[in-house]
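K.L.:
In case you want the letters, here they are:
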Amino acid sequence: MSSHTENITHSGHEIGHGDVSAEGTHGHGGHDDHHDDNVAHGTMSDYVKGFVLSIILTAIPFWLVMGDVFDNTNTTALVIMGFAVVQIVVHMVYFLHMNFKSEGGWNMLALIFTIVIVVITLAGSIWVMYHLNANMMPAMMHDMKNMP
Amino acid sequence: MSNTTALTHPGDVDAPDNLRFYVPEKHHPQNGTLLGFWLYLMSDCLIFAALFAVYGVIGRNYAAGPSGADLFDLKLVAINTAFLLFSSITYGFAMLEMNKNRVNTTLLWLGITGLFGLAFLGLEMYEFYHLIHEGATPQRSGFLSAFFILVGTHGLHVTFGVIWLVTLMVQVKQRGLIGENKRRLMCLSMFWHFLDVVWIGVFTFVYLMGVLA
Chain L
3 MSSHTENITH SGHEIGHGDV SAEGTHGHGG HDDHHDDNVA HGTMSDYVKG
53 FVLSIILTAI PFWLVMGDVF DNTNTTALVI MGFAVVQIVV HMVYFLHMNF
103 KSEGGWNMLA LIFTIVIVVI TLAGSIWVMY HLNANMMPAM MHDMKNMP
Chain E
-18 MSNTTALTHP GDVDAPDNLR FYVPEKHHPQ NGTLLGFWLY LMSDCLIFAA
32 LFAVYGVIGR NYAAGPSGAD LFDLKLVAIN TAFLLFSSIT YGFAMLEMNK
82 NRVNTTLLWL GITGLFGLAF LGLEMYEFYH LIHEGATPQR SGFLSAFFIL
132 VGTHGLHVTF GVIWLVTLMV QVKQRGLIGE NKRRLMCLSM FWHFLDVVWI
182 GVFTFVYLMG VLA
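If you read the protein sequences in the order shown, they are chains L and E.
Per this note's numbering, the first sequence runs over residues 3 to 150.
Per this note's numbering, the second sequence runs over residues -18 to 194.
In case anyone wonders, no lab produced these hints; they're calculated from the structure.
Fair warning: this is a prediction, and the values are worked out from it, not measured in the lab.
Every residue gets a Cβ at the ideal spot worked out from N, C-alpha and C, and that includes glycine.
Be careful, since some hints might not be right.
[What the hints assert, rightly or not] Straight line, CA to CA, 20 Å or less: simulated EDC-like cross-link-like pairs of lysine to aspartate or glutamate:
#, chain 1, residue 1, chain 2, residue 2
1, E, K56, L, D70
2, L, K103, L, D48
3, E, K81, L, D48
4, E, K81, E, E161
5, E, K56, E, E105
6, L, K51, E, E78
7, E, K56, E, E115
8, E, K56, E, E108
[To be verified] Computed footprint of chain L on chain E, listed as stretches where at least three residues anywhere in the stretch have a Cβ under 8 Å from a Cβ of chain L:
#, segment
9, 23 to 37
10, 74 to 83
11, 177 to 185
[What the hints assert, rightly or not] So these bits of chain E aren't anywhere near chain L, every CB distance computed over 10 Å:
#, residue
12, G46
13, L99
14, Y107
15, E108
16, I130
17, G136
18, T140
19, W145
20, L149
21, H174
Same shape as in the complex, but just chain L (with noise of 0.2 Å):
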C-alpha cells in the first residue's frame, strides 16, 4: 500500500513531461469510448473462408462413415476425429475469433484452462471407466475395445 501512494506522488512530480501526461491521457479515452465502439471482429472473408472450411471438414468425415471407405473402423474412427479437432480450430479461429490478443490474453488462458479440465476429464474417466470394466466384467472386454 504505502509503496503505491509513492508511486501516485512520484508521479506527481513528473507531470510536467509532455509524453508521459499524453500517453495517459490518450489511454484513459481510448477506454472510455470502448461502450460506443462495440465493433464485432471477423471479416465477410473470415467468415466465408471458416465456412467452406467447415463444410469440407464436415462432409469427409460423413462421406467416410457412410461410404464405409476404410475397412477397419478403428482407422475411420481416428481419422473423423483428427477432422473434428481441425474443425473445432477453423470454428474458433474464424467464427469465434481467437487469437493470444484479444482482450489482453486472458481468453485464449481460459480456453487453454478448459481444455486442459476436458483433456483431464475426458481421458481420465474413459481410462479410469475402461479398466474398471475390463477387470469386473472380463466378458465385455471384446466390447470394450471399441470405446469411443
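Given the coordinates of chain L, work out where chain E should sit on it, guided by the hints.
P.N.:
Same frame as chain L, but now just chain E:
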C-alpha cells in the same frame, strides 16, 4: 487510508488524475462483458465435457437393447449439421451488417439464423420422437440415457439461444443498434458459434462413431 492522505497532500492537487497512469492496458480488458461471457462459455464447456465423459463411459452399455448403428439415421444428422453450419454463417453476416449499422439487414440475417435454429430443433425433436416411438427411451439402456442427456442438453442450449435471438430482434427493432444491443448481439454470437463447436463433438463422437461400432 494512507492513500487518501497522500492524494490530498498540498502541492499534489492533480494527483487523482495521475491514478490513470497506473492502469496499464494489458491488465485491463477492453470489454469486461465479453470476457465474462467467454468465461461462462468455458464453464458451459465443462458441463458438456462431463456429459461427453458419461457418454464415453456408458455409451456402449446397450443392455441388450438397440445400438447406435440400429437407431441413428446419418442423413438426418447430416441435414441437421448443415442447418447449424448455415445458421453460423448467417449469424456471421448479421454481425457484419451490425458493424455497418444497418438495422434491417441485421434483423433479416438474424431472422434467417433463427429459422435455421428452429429447423435444427424441429428435426431433433422429430428424431427424439421417432426414437421414443420405437421404444428407444432414455430408460432403455445406459447408452440411451447418456445419448438423450448429451444431445438433449445441446438442444436445450439451442432452444434458449433461439429465445434469446428473438428477444434481441425485438430489442433491435425497438431501440436500434445502440451500444448495449451490439454488446448483447456479440455475446449471443459467441454463444451460437460455441454451440456449433459442441455439435462438432456430438456428431463425431456420438453419431458417426456410434454408427461405426
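K.L.:
List in ascending order the numbers of the hints, as given earlier, that are violated by the structure.
P.N.:
21
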